[in-house]
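J.: Need the complex rebuilt from these two chains, each delivered in its own frame; the hints are there to steer you.
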Amino acid sequence: MNNFISANLPYLLAGISVGGQYALIAIGYTMVYGILRLINFAHGDIFTVAAYLMVYMNATMPLYISLPMTIILTVLLGFGVERVAYKPLRQAPRMSIMISAIGVSYLLQNLMWYVTGGLAQQYPTIPFISNTVRIFGATTKIVTLITPVLTLVLVMMLSLLIHRTKIGLAMRAVSRDFETSRLMGIKINNVISVTFIIGSFLAAIGSMLYFSNYTAVTPTAGAMPGLKAFVAAVFGGIGSIPGAVIGAFIIGICENIIKALGLTTFSDAFTFALLIIVLVFKPTGLFGEAVYEKV
Amino acid sequence: MSLLTVTDLQVSYGGIEALKGISFTVEAGQIVTLIGANGAGKSTTLRAISGLVPIKAGGITFDGREITSLVTSSIVEEGIVMVPEGRRVFPNLTVLENLRIGAYLRKDQAEINNSIEYVYERFPRLQERHWQLAGTLSGGEQQMLAVGRALMARPRLIMMDEPSLGLAPLVVKDIFQIIQRLREEGITILLIEQNANAALHAADYGYVLETGRITMEDTGAALLNNQKVRDAYLGQARKRKTRAAPVPEA
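Each protein sequence line maps, in turn, to chains V and B.
Anchor point for the first sequence: position 168 equals 168 in my numbering, and the numbering is continuous, going up by one each time.
Anchor point for the second sequence: position 67 equals 1067 in my numbering, and the numbering is continuous, going up by one each time.
Calculated directly from the structure, the hints in this document are not laboratory data.
Here the structure is a predicted model, which is why all the values come from computation and not from measurement.
A hint or two may mislead.
To be verified - Partial chain V-side listing against chain B, Cβ under 7 angstroms, derived:
1) Gly168
2) Leu169
3) Arg176
4) Thr180
5) Arg182
6) Met184
7) Gly185
8) Ile186
9) Lys187
10) Val191
Unchecked claim - BS3-like, lysine-lysine: derived pairs with alpha carbons at most 27 angstroms apart:
11) V:Lys187 / V:Lys87
12) V:Lys166 / V:Lys87
13) V:Lys187 / B:Lys1107
14) V:Lys141 / V:Lys282
15) B:Lys1173 / V:Lys87
16) B:Lys1056 / B:Lys1020
17) V:Lys187 / V:Lys166
18) V:Lys187 / B:Lys1056
19) V:Lys166 / B:Lys1107
20) B:Lys1173 / B:Lys1020
21) B:Lys1173 / B:Lys1228
Beta carbons: idealized from backbone N, C-alpha and C, even for Gly.
Same shape as in the complex, but just chain B (with noise of 0.2 angstroms):
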């Protein structure tokens, strides 16, 4: 049974229909990935799975529990946590607070200083920046605060809703890297992306939104060899195409 099943999911604004009746399944202990232009509907799926913007119609079931319903504390108290675009991670609290605020449903004390302990492990700038506030982090050690603030959750299910938008390229190396490391820790992985290269190398599967609407869906590795794929998303395909000599692929 997949972890995370959408069926037929619609959401409007205000007379406009941003998700036509989407339907996909996230497999536990994969990273998934949506693709798609802006403005197709991918920011718009995760905030619908949070309970941020209301479901007009369709289901969700996360771990063959009914969530469609659910108020987004709820939704988090099953585990699901959203990475939001921009990272979002507070900037008039410390580093550590922001930690601790991740972990904000739990009751267990002794166990939170374990995965702030954890968190520390895995960036190990986000402990010697400890007492920082976070406004004062670059951007890429907000979006390593912003994972490790989700991870205080202990989430089974992590949405990040562009991870690398507006980071240096190597920086953006650096997260998909980390990606990897939670999915081999076992944390399934829902991730939106415009860079849709980097996110189909890290997926192990990919959905393709176009307008509001599902229009193909694969393995990474396939979707990353589909032409139409190539053509739309994955802009130095085309270049390469024009050229004599093909490019290796990286």
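For reference, chain V alone in the conformation it holds in the complex (with noise of 0.2 angstroms):
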């Protein structure tokens, strides 16, 4: 018995944790989705994108510096993208908007090409969150029990400004009504560029928590993490945020089960056969945006 939990509850763990970080990412697309109706292709950049300033930042700066930077200039990227490439766009046709966040996407990733010549770059080690222990005869990396805990925790300030703050009002009163919104005196484009700037802010923290578990970054390194993340989103019901984050877990979860009954080979398989599925059979997701207009 105490063979089996220490053979599996590594899994467990892992899948939780990998649930919390796919929850911090998955946050930023759903939030966005839910105001401008538009997927954020280059979501998952910008978290790629944070896992190399904190490679370089460290390079130079002590830890205490380079960690809040990171965060900073992530933020920045994510408000920056938004005001450069969506906003002029905001009369546009969705679909010119979309295509627009393929191209920040590729715009990303080619630069982080041309930025580290293509090499694999060692991600720092934070002190503390990447030491291991022992629990229950497994050992695992302190960040593995830290990140559900974390994203908890953010999750439920993120709730409270959603559902106590006049900003949160602001932001639930523009996903449903740009126009009325307007009327009420709300600047749009300041709610739009606060959810941008939330989205990257738990993008950041996502990707400190997610590289710490891999030595390596690579310009798409954020490319299958972003994906999944993505699904999650879907599956949850894109728009919902709560829904984004029991999806996240969901997915984590199922993953690093099937890695532990040996099937690593197809836990990639699995998350977007889920997708297909969900698309096919329930779109709108768990928590889909329920409708509340009377007809």
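T.: In structure tokens form, the structure reads like this:
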């Protein structure tokens, strides 16, 4: 019995942990979709850029500077991308802004190739969270234990922001009706910027937690977790924050259960099969937008 | 001096001239109505005043201040709020949250709570249902909420776009009573309506808008008796004319 636990617990813990990391990325997808009805294809690349920022900053600066600076610069990047690539297209058809998002995604990816020369960079070790611990006879990194806790704390704070503050009220209003929100005196562009800032902030945290599990960063290292997080957002019902979080944890845990069963090869396939199944049978996802309007 | 003065306002949408230079004024403390057929430019006029559509030419002054080029949030700050067509309450917010968002630009937290009480006094139904999602209210309740939400901004001018649209006749009567009461409290109202009969009965002054131009203006009562207006906009008047016995005015 003890053997069973010590053999399988790491998979479960890893699943919960990876789920938390997906959740932090997925929130960015789902919030932007909720407000702009845009799938921000650049979000996964912002997640990767955050990893490189950490690599380069940490090479020259102590951790207590490089870590907050990484977060700040990632947030600025997310904010800047919206201002430069999406804001001018506010009145354009939705397809235009989506193509712009794909463009930004490729731009960021190629910038990373250009700057790094395509070589894998070693991800810095963040002290304490990279240490290993033993629980129930299983060995794991502290980051694995911290991730779900930190994720839940951040999600709760976000939930308070959305439901208890004025900017949260504005975000909920804007997500429903741009024009009436403007008639209330809400500055739509500011609300949209705040959304991108929150999304990028969470992606930066997610990036630190995710890459602490790996030794190296490559320009495409964020593509897979980005896609998985996107699937999680769709699975949970895109536009819904609780949906994205629950979807992310389910996907993270299922992937690792599949790995525990010795079917590692199929763990990615599972996620994308899930996407197809969701799109076919319940396109609105677990918590898809309920329609309140009376017809 | 008039509260709102619109001078030679022109608006175009994608090559179509929606407003071909209209001028009108709204006096403080009055109910002024714009009547006209579908597509005459009534909604466009309100949207232009609110800064929702770009203005091609002309000027708008409010209480002596030039507001033509202001953004919507600044126009709301000046004291002009709109109750949009179809009510447009936020269905995903509660009744109370809808009221709070009406006070979005106000900073005086204590006063905001007084304003909520003020709205509840006028619309007790909203207090009963303050925790409900606005999307679950009936059409008439939503209209009350939309008016209450507008009041939360402490406006000097409320612009109403088709407040009676899609509501049951009894509810329409309520809405027009509310409009009268707002005027009694000193709020100026610019009302646009397809229900020209009700609008002209309520209004102190009215303008007739036809395909982007103002073709007639007079007091509400005078327009009600104007033969051209009766023929074009007061459908029942024509029926009466063909009958032998005239039906007394409501």
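J.: Now tell me if each hint is right for this structure.
T.: Hints and how they fare:
Because the beta carbon of glycine 168 of chain V sits about 10 angstroms from the nearest beta carbon in chain B, more than 7 angstroms, this interface hint is broken. The interface hint given for leucine 169 of chain V holds, since its Cβ lies 6 angstroms from the closest Cβ of chain B, which is under the 7 angstroms cut-off. Against a cut-off of 7 angstroms between C-beta atoms, the interface hint on arginine 176 of chain V holds, since the closest Cβ of chain B lies about 5 angstroms away. A hinted interface residue such as threonine 180 of chain V counts as satisfied when its beta carbon comes closer than 7 angstroms to some beta carbon of chain B; here the least separation is about 4 angstroms, so the hint holds.
With a least beta-carbon distance of about 5 angstroms to chain B, the hint placing arginine 182 of chain V at the interface is held under the 7 angstroms criterion. For methionine 184 of chain V, the suggested interface contact is upheld, since its CB lies about 5 angstroms from the closest CB of chain B, less than 7 angstroms. For glycine 185 of chain V, the interface hint holds, since its Cβ comes within 7 angstroms of a Cβ in chain B; the closest pair sits about 4 angstroms apart. The beta carbon of isoleucine 186 of chain V is positioned within 7 angstroms of a beta carbon in chain B (closest approach about 6 angstroms), and the interface hint is therefore held.
Because the closest C-beta pair between lysine 187 of chain V and chain B is about 6 angstroms apart, less than 7 angstroms, the hint holds. Contact between valine 191 of chain V and chain B, as hinted, is not supported at the beta carbon level, the nearest pair being about 11 angstroms apart and thus beyond 7 angstroms. The straight-line distance between the Cα atoms of lysine 187 of chain V and lysine 87 of chain V is roughly 13 angstroms, inside the 27 angstroms bound, and the hint therefore holds. Among the hinted pairs, lysine 166 of chain V with lysine 87 of chain V is consistent with the structure: their alpha-carbon atoms are about 23 angstroms apart, no more than 27 angstroms.
Of the supplied pair hints, the one linking lysine 187 of chain V and lysine 1107 of chain B holds, its CA atoms being roughly 16 angstroms apart against a limit of 27 angstroms. At most 27 angstroms may separate the alpha-carbon atoms for a hinted pair to count; lysine 141 of chain V and lysine 282 of chain V exceed this at roughly 37 angstroms. Straight-line distance between C-alpha atoms of lysine 1173 of chain B and lysine 87 of chain V comes to about 44 angstroms, which puts the hinted pair past the 27 angstroms bound. At roughly 10 angstroms between alpha-carbon atoms, lysine 1056 of chain B and lysine 1020 of chain B fall within 27 angstroms of each other, so this suggested pair holds.
Restraint check: the Cα-Cα separation between lysine 187 of chain V and lysine 166 of chain V comes to about 13 angstroms, which is no more than 27 angstroms; the hinted pair holds. Between lysine 187 of chain V and lysine 1056 of chain B, the direct Cα distance comes to roughly 23 angstroms. Compliance with the 27 angstroms bound is thereby established for this hinted pair. Using a Cα cut-off of 27 angstroms, the hinted pair lysine 166 of chain V and lysine 1107 of chain B holds, with the two alpha carbons roughly 11 angstroms apart. The straight-line distance between the Cα atoms of lysine 1173 of chain B and lysine 1020 of chain B is roughly 33 angstroms, outside the 27 angstroms bound, and the hint therefore fails.
Pair hint lysine 1173 of chain B plus lysine 1228 of chain B holds up; C-alpha atoms about 25 angstroms apart against a cutoff of 27 angstroms.
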